[in-house]
Amino acid sequence: MKRFAIFTVLILGSFTLSASAQDWIRTGTGLGVEKIRLAVPDFKVNASEGNTQSLAMTFDQTLWNDLEMAGIFDMVGKSFYPMAPPGTPQDVRLKDWNQPPPNASMLAFGNLGVQGGYLNVQGWLFDVKNEQSPQVLGKQYHEEANDANARLIAHRFADEIIFRLGGGVPGIAESKIYYISNRSGHKEVWQMDYDGANQKQITHNGSIALSPHVSPDGSRIAYAGVTKDGWQIQMWSLVLGRNVSFPRFNGTNQSPGWSSDGRTLAFSSSWSGHSDLYSIDSSGGVPHRLTNDRGPDVSPSWNPKTNAQIAFVSGRTGLPQIYTMASDGTNVVRVTDQGYAVSPSWSPNGQFLVFAWVRHYGPGAPGASDIYLMDVASRQWVQLTHDGGHNDFPSWAPDGRHIVYQSNRSGRTQLYLMLADGTQNKKLTTSGENSQPNWGNK
Amino acid sequence: MKLSRAKWFGLIVALAAALAVSGCGKKKVATATPPPPPPPPAPTATLTANPNTINAGQSSTLIWSTTNATDVSIDTLGKVGPSGTVQVVPSESTTYRLVAKNQSGTQEATARVTVNPPSAPAPLKSNAGDAELFMDNMKDVFFDYDSYDIGGRYTAVLQEDARFLQAHPSISFTIEGHCDERGSIEYNIALGDNRALAAKQALVSMGISANRIKTISYGKEKPFCTESTEACWQQNRRAHFVYGQ
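Chains A and B supply the protein sequences, listed in that same order. Each residue of the first sequence is one higher than the one before, counting from 0 in numbering that gives the first Met the number 0. Each residue of the second sequence is one higher than the one before, counting from 0 in numbering that gives the first Met the number 0.
It should be emphasised that the hints constitute simulated quantities derived from the structure, not laboratory data. Glycine included, C-beta positions come from ideal geometry on N, C-alpha and C. Errors might be hidden in some of the hints.
Now the in silico label distances, taken between C-beta atoms and shown as ranges [said to hold, decoys possible]: (1) B:LEU76 - A:ASN407: 29 to 39 angstroms; (2) B:PRO40 - A:GLN337: 50 to 60 angstroms; (3) A:GLY184 - B:ASN210: 57 to 67 angstroms; (4) B:ASN210 - A:ASN145: 55 to 65 angstroms; (5) B:LEU76 - A:LYS199: 50 to 60 angstroms.
Let the sequences and hints guide you as you build the complete structure.
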C-alpha cells in the first residue's frame with residue numbers, strides 16, 4: 000500500500016483538474032470536475048414589510064453558503080455583477096453575465112417579499128450561455144415569515160440547483176448532523192443543520208452519551224449511554240422525543256452502526272468477557288455474533304451500498320487497525336498495515352472508507368491523528384487533513400462529497416466540515432467540546 | 000436477554016486459564032544480528048533503587064543502565080530495554096536482580112528495596128466503616144499504553160487487595176476501567192472495559208466471588224489527571240476500585 004494519485008473517469012466528463020495537489024480523489028460524485036462558474040446575486044426585495052430586510056439577508060447568505068459549500072461551483076464574486084440585480088427573468092440581460100468579467104455559466108436569481116405574514120420567494124436558474132432557452136429551473140416558495148423558514152427556503156432552492164447541476168446527486172443543504180456535546184455539563188446527543196446552524200440538545204439523560212448514529216429514515220438515534228446497567232445501546236425516537244426501549248445485555252455495549260436499510264444494527268458488546276461485534280434486528284431480538292477474539296472490536300460501519308460488508312476496528316494484533324468483513328462475520332480482511340487506525344465510515348457509493356489514522360505511532364513519532372480516505376478495492380489511500388491536532392470520527396454526508404469530523408486543532412475538540420478531497424474546511428461548532436459527528440440522510 | 004452470570008463466569012475462568020497457558024500477546028522483539036567477529040566486549044550493568052527504603056504502599060524507582068548487552072531482563076519485570084526507569088510498589092522487602100547478556104558473557108546487578116511494615120499493624124480500625132476501610136486498603140492497578148495485561152508488579156498489588164477482600168466478605172464493589180486521553184473514544188471504552196475485566200478475572204482467580212464485583216469502563220471520559228504528560232497519562236491508565244455496586 001502506498002501513497003497514490005487517483006485519476007479516473009469523472010462523472011461529468013473528461014475534464015481534469017490542474018490542481019497543485021498531487022493527490023486526487025475520484026468520489027464518483029463530481030468532485031474534481033471542472034467547477035461550474037455560478038453567479039448568485041442577492042435576491043431582489045419586493046415589499047419591505049417588517050423584518051423583510053433581515054429575512055432577505057438570511058436567505059441570501061444561506062443560499063450563497065450552500066452553493067459555495069456544495070463543492071461543485073466556482074462562485075463568481077459579487078463585485079463582478081451588474082449594478083441592478085435581476086429580480087425576474089425579464090430583468091436578465093444574458094450579456095451582463097455570460098461574458099467577462101463575470102463570465103458565468105449559470106445564474107441563480109430571484110425575488111422575495113413578505114405579505115400577510117408569509118415569506119414569498121421566486122427563484123430561477125439560468126444557463127446564461129444558452130441564449131435560445133436559458134431557463135433551467137423556476138421555483139416558488141411560500142412559508143410563514145421567520146428566520147428559520149428563510150433558511151429553509153434557501154436550503155431547498157440550493158438543493159434544487161445542486162441536484163440539477165451536480166450529476167443528479169441530491170444536495171445536503173437540508174440534512175442534519177448528530178453529535179455529542181458537553182456544553183450542558185454532561186455529554187448528550189445534539190443535532191444541528193449541516194452548516195452548523197440550529198444547534199439543539201436532543202437527550203437530557205444527565206449521564207454520559209456517546210456515538211450517536213441516526214437511522215437511515217431519520218426517525219431514531221442509536222447511541223451508547225451509561226445506564227444503571229452500565230453501557231447500553233440506547234434508542235432515541237426523534238418522532239416521540241424520548242428514549243424508547245431497546246434490549247440490554249451484560250457487559251459493555253457501545254458503538255452502534257446502522258445498515259442502510261435500517262433493519263440491522265451492528266454494535267460492540269463485552270458480554271462474553273471481551274468486546275466483540277454483534278448484529279441485532281433494529282427492533283430488538285437476539286444478537287448474532289460476528290467476531291470472537293480477545294482484542295477489542297468496536298466501531299462497525301456498514302457498506303451502505305450493499306449492506307454485505309462491515310468495516311470495523313480491532314485490537315486483535317496490538318494497536319487498533321481497520322478491518323473489513325462480510326456482514327455475517329466471515330472473510331475478515333485487515334486493510335491498514337501500521338500505526339493506530341480507528342473510526343471507519345463507509346462512503347455512500349461503497350467505494351471508500353474514511354478513518355482516523357496515526358500512521359507513525361510510537362516514541363519520537365509526530366503522532367498526529369489525521370483523516371484518511373482509502374479506496375477499498377485497491378487499498379490505496381490519501382491523507383485528507385494536514386492541519387495538526389487530533390482528528391477523528393469522520394462521517395460521510397449522504398451526497399458522498401462531504402465529510403464531517405472532529406478535531407482539536409484549535410484547542411478544544413470541535414466539529415469541522417470538508418469536501419471529500421480534504422479542501423474547504425469549515426468549523427461548525429465553538430461552544431463546549433463537540434465530538435463524534437454522524438451525518439443523517441435527512 | 001441476559002446471560003447467566005454463572006455461565007459467563009465459567010467461560011471467563013476458562014479463558015483466563017487458556018490465556019495463562021498460551022501466554023499470548025507477547026510482542027516479538029526484533030534483535031539486529033551483529034556482524035560476525037570480533038566478539039563484542041562483555042556487558043556491563045548497574046541497577047539502583049531510589050529510595051531503597053519505603054513504607055508499605057509507597058513506591059520506589061528502579062534505575063538501570065547497561066552497555067553492550069543484547070538481552071536485558073529484571074526478575075519479576077521480565078525483559079526490559081538497555082536502560083530505563085520503572086516504578087515498583089513491592090509489598091515486602093524485595094531484591095531486584097538485573098541480568099544483562101550478550102554472546103561474550105553475562106553481567107548481573109542487584110538492588111534491594113526495604114519495605115517497612117505498617118507501623119501500627121494496619122488491620123483494622125474496628126470502628127471505621129467498610130467504605131473507609133475499602134478506600135484505605137484497596138490499591139488500584141495501572142497499565143501500559145494500549146495494554147490490558149496486568150503487569151508483574153500489579154499481581155502483588157492485587158494479591159494484597161484480594162487478602163483485604165477475603166477478610167471483608169460482605170463488601171461488594173465496582174472496578175472502573177480508565178484510559179489516557181490519547182486514542183479514540185470508542186476504542187478506549189473497550190480498552191477500559193478490558194482493563195476492568197482483567198482486574199476482575201485476576202481477583203476471581205484469587206478466590207474472590209465474581210458476584211461481589213461489578214465492572215464499568217469510563218474509557219477516557221473521567222480522567223484522574225488532565226495534563227498531557229506521560230506522568231498524567233500513566234495515572235489515567237488504571238483499574239480503579241470503588242466501594243459499592
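Now for the hints, and whether the structure bears them out:
Taken as a hint, the range 29 to 39 angstroms holds for the pair LEU76 (chain B) and ASN407 (chain A), whose Cβ atoms sit roughly 35 angstroms apart. For the pair PRO40 (chain B) and GLN337 (chain A), the beta carbons lie near 36 angstroms from each other, so the given range of 50 to 60 angstroms is not met. Under the hint 57 to 67 angstroms, the C-beta atoms of GLY184 (chain A) and ASN210 (chain B), about 35 angstroms apart, miss the expected range. Under the hint 55 to 65 angstroms, the C-beta atoms of ASN210 (chain B) and ASN145 (chain A), about 59 angstroms apart, fit the expected range.
The supplied range of 50 to 60 angstroms is met by LEU76 (chain B) and LYS199 (chain A), whose beta-carbon atoms lie about 53 angstroms from each other.
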